[in-house]
Amino acid sequence: MASGVKPRVKVPKSAAAGSAITIKTLISHKMESGQRKDKEGNVIPRSIINRFTCTFNGKSVIDIKTEPAISTNPYFQFDATVPEAGDFVFTWYDDDGSVYDAKKSVAIG
Amino acid sequence: MDFSRRETIALGLGAVALSVMPFRVAASTEEVIAGFTGGADVADGGVTLTAPEIAENGNTVPITVAAPGAVAIMIVATGNPEPGVVTFNFGELAASQSAATRIRLAGTQDVVAIAKMADGSFVRATSVVKVTIGGCGG
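These protein sequence lines are chains C and F, in that order. With the working numbering applied, the first sequence corresponds to residues 50 to 158, in that order. With the working numbering applied, the second sequence corresponds to residues 3 to 140, in that order.
Think of the hints as simulated: they come from the structure by calculation, not from any bench. Treat the hints with caution; some may be incorrect.
Straight-line C-alpha distance at most 16 angstroms; calculated EDC-like pairs for lysine to aspartate or glutamate [to be verified]:
#, chain 1, residue 1, chain 2, residue 2
1, C, 153, C, 128
2, C, 79, C, 145
3, F, 132, F, 55
4, C, 114, F, 55
5, C, 73, C, 87
6, C, 108, F, 94
Between the sequences and the hints, there should be enough to build the whole structure, so can you do that?
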């Protein structure tokens with residue numbers, strides 16, 4: 050599914066150096082599980098986000114492997130340490146090969 | 003022994019439910035867990051799994067896991083057609099080994115969290131979630 054996918058990320062604009070911040074991410078995606086059937090009884094093929102990663106200045110924060118049991122519009126919340134000012138990069142990997150990303154900058158202060 | 007129409011229908015429905023349900027669980031939970039732990043022993047405790055006791059809608063069940071000192075946490079839904087749910091791998095900048103997400107549950111079942119600790123050991127926590135409406139569709 051390459052249409053209508055919109056990543057949303059909530060990150061504080063600034064943080065004290067070395068402090069922990071909470072990050073919330075959501076991406077609009079139907080996450081078709083491959084278990085459902087259409088009106089004619091045919092199985093609807095699986096189409097999900099199968100991996101999500103978050104990095105800060107190139108260093109890994111979290112790497113999540115997802116399966117069809119993740120709900121529609123996958124939501125993740127986790128904590129990250131901010132050692133210096135920089136950019137968070139969020140990446141979602143779709144079954145169909147599409148890659149969606151988002152970037153958020155954090156200032157120190 | 004006479005069956006009324008109503009009793010016959012009820013029996014029939016019961017039989018169908020019984021015959022269908024065990025098959026859907028067939029994809030083995032044990033295999034999924036072994037794939038993550040490599041067959042190592044899994045101790046209890048050391049990981050916290052927060053899930054609602056009753057989930058009205060199995061399509062979106064909020065869960066939170068936390069395991070201080072873990073490098074990875076896997077969530078397994080024992081009653082789903084595919085037991086694997088999600089695996090969190092924590093990187094060097096993860097401030098805490100905890101994460102929250104929303105999952106699908108096919109029905110009332112045990113949800114298991116297994117954490118891989120930094121020293122290579124494994125710990126688990128189990129939580130029973132009652133699901134009113136399953137989240138797997140037709």
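Is the straight-line distance between the alpha-carbon of residue 132 of chain F and that of residue 55 of chain F 16 angstroms or less? The hint holds at about 6 angstroms.
Given the hinted pair residue 73 of chain C and residue 87 of chain C, is their Cα-Cα distance within 16 angstroms? 33 angstroms, violated
Given the proposed pairing of residue 114 of chain C with residue 55 of chain F, does the C-alpha separation stay at or below 16 angstroms? 25 angstroms, violated
Against the 16 angstroms threshold, does the CA-CA distance of residue 79 of chain C and residue 145 of chain C hold or violate the hint? Given pair residue 79 of chain C, residue 145 of chain C holds - Cα atoms ~13 angstroms apart, limit 16 angstroms.
Tell me if the straight-line CA distance from residue 108 of chain C to residue 94 of chain F falls inside 16 angstroms. 7 angstroms, holds
For the pair supplied as a hint, residue 153 of chain C and residue 128 of chain C, confirm whether the alpha-carbon distance does not exceed 16 angstroms. 15 angstroms, holds
When the structure is compared with the earlier hints, violations turn up for hints 4, 5 and for no others.
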